[in-house]
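Visitor: Turn these sequences into a full structure, and let the hints steer you where they fit.
Keeping their order, the protein sequence lines are chains W and L.
Going by the working numbering, 133 is the number at position 133 of the first sequence; the sequence numbering is gapless.
Going by the working numbering, 1172 is the number at position 172 of the second sequence; the sequence numbering is gapless.
Note that these hints are calculated values from the structure, not bench results.
Hints are supplied without guarantee of correctness; some may be wrong.
Claimed, not checked - Below 25 Å or equal to it, Euclidean Cα-Cα: the simulated BS3-like pairs (lysine-lysine) are:
no.	chain 1	residue 1	chain 2	residue 2
1	W	Lys91	L	Lys1018
2	L	Lys1232	W	Lys264
3	W	Lys14	L	Lys1092
4	L	Lys1041	W	Lys263
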Amino acid sequence: MSAPQLKALQHSWKIARTLISVYYAYMVEYRAELIFWVLSGSFPLIFLGLWDQAAQSTDVGFTPTEFARYFLAVFLARQFTVVWVIWDFEKEVVQGKLSPLLLQPIDPVWRHFFGHLAERLTRMPFIILLIGLFCLLYPDAIWIPTPYACFWGTLTLFLSFCLRFLIQYTFAMLSFWVERATAIQQFWFLFYTFLSGMIAPLELFPDPIREFALWTPFPYLVYFPASLLVGLPVDLRRGLVTIMLWGAIALTLNRVLWRKGLKKYSGMGA
Amino acid sequence: MPIINVQNLSKVYPVANKDPGLKGTLRHFFRRTYHNIEAVKQVSFQIEPGEIVGFLGPNGAGKTTTLKMLTGLIHPSTGSVSVSGHRPFDRKNTFLRQITLIMGQKQQLIWDLPALDSLRINAAIYNLSDVEFRDRVGELAEMLDIQAQLKQPVRKLSLGERMKAEMLAALIHRPQVLFLDEPTLGLDVNAQVAVRQFLQDYNQKYGATILLTSHYMADITALCDRVLVIHKGSLIYDGQLDRLLDQFAPYREVSVEFERTQDISPQSLKPYGKLQNLSGCKATFLVSTQDLTNTVSALLNNFTIQDLTVTEPPIEDVIGRVFQAGITPEQDAAAARPILSS
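Guide: Here it is, written out as structure tokens:
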């Protein structure tokens, strides 16, 4: 590595470190609200209650313990991949708050990205608390993930977060053209809810629907990392390639829309 | 060589038409129509390094749009802009490191954290070492007299303190070209004076170029020798401030509150200037700057007065007069710098 490259790398690391530490401090300011944000992501635990009942009365292909583990992993995946960049970005564009950020020699996306990462650290204690509670309620479901599950589960969780962030940030670019880009996000959430594996493991879906879902990005945002964590069989190579493909599509679209959007941006209210 | 060079700069915005009422709303929904607004028309000027230039104009005249084009926030429709040898809208890092834009009501500081945390982010972005960061924050905080407030959450600061903290954040990378859009808007008199003094000190210490818009005449008179006047998107004056004021505002507004016991009528006040308003025992005149001393003396001698204030005419009035007079540098070449487009 050449000296200028090393310097650039050190500079990037310094920015990342500072952004994470400052945004961590920022998120800690909202510690009370964080409890509610964490609880608002407990949908999977509600579905667990429903599926648990169903599994006890009929054979649905999963035992109550398997359901408990799966939905706990889904809960974790949701907690670590939650993204709200579109709401922040839309506000910045509509209210002209993007202007001061555009005047700095750094892409504004990094503030959002590291802000999200810092938030993950802040919600960690609450997540651990909820997992503890879950273990008390479902002692039979306690399991120790294998090193393989830990490694791939964590890696795909991070990739899922990146993919979800990238897709939502791409929708956010539409704020340059429409007043409420968040409406598109709400529409997208409909498909996310059904196809991501949040309401049921994909194994329970009819074959054609499951196969269709596996070509979309949705299962890779929840089902894929959750399955890896609990040890359900998944096609790891296909999953990674699909994440990369959707990531590349979103990134390309994002950069095109960013460049066109900046030309359109009139610094409303700035 | 000019540090800012603007040639025939124009900006046209499409704006949607919408009639009021349900019918208008439905028509707007199904068939949206637009009309173009020329916010800036064929503006040209040059600014030399180290100059402080006032950019004047009534609301909606095109000042902020021009500043946005100079900083690269928006693309011009036609014309060319060069700042420090760069095309602003290319947004090259080398360009962004040399400029700053301070907007009165817009903030880059994180609201819920102390300003120092936002400054740490800026220091990392501009790659300042810990020593540079400490030194610069110390120096600027001292100049702005805001050392104690940097550790308080931004939301707890007064408007004046917040504005100072914003300035510190915007200047930590020591930019050479400063664009300021209403930097003293909403500040009390003390804070306005402090901001003005700071800008003057910064300009002298670092030889920075400053282009400043303000509705407060005091900002302009304290800081700028030269002004640009823009009206309805066109640059109508580019020259010395003295000439602009002497020529188009050779009067002051004198407000007097008389003792109640006296007989005050328009006739009795006629000799003292152009009566603008008389309400009870309060009167306002326009008095020419030449006669100001004599008029004030005469008023004090001939009446018992409770209060008397002399104010400069509002900037909007001066600009209005400039516009009405339709001055161009061609007509008054001795007073004004040549307009480059001509």
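Visitor: Each of the hints needs a verdict: does it hold here or not?
Guide: Now the hints, each set against the structure:
Of the supplied pair hints, the one linking Lys91 of chain W and Lys1018 of chain L holds, its CA atoms being roughly 24 Å apart against a limit of 25 Å. For the given pair, Lys1232 of chain L sits about 22 Å from Lys264 of chain W by alpha-carbon distance, which is consistent with the 25 Å threshold. Straight-line distance between C-alpha atoms of Lys14 of chain W and Lys1092 of chain L comes to about 21 Å, which keeps the hinted pair within the 25 Å bound. The hinted pair formed by Lys1041 of chain L and Lys263 of chain W meets the criterion: a straight-line CA distance of about 19 Å does not exceed 25 Å.
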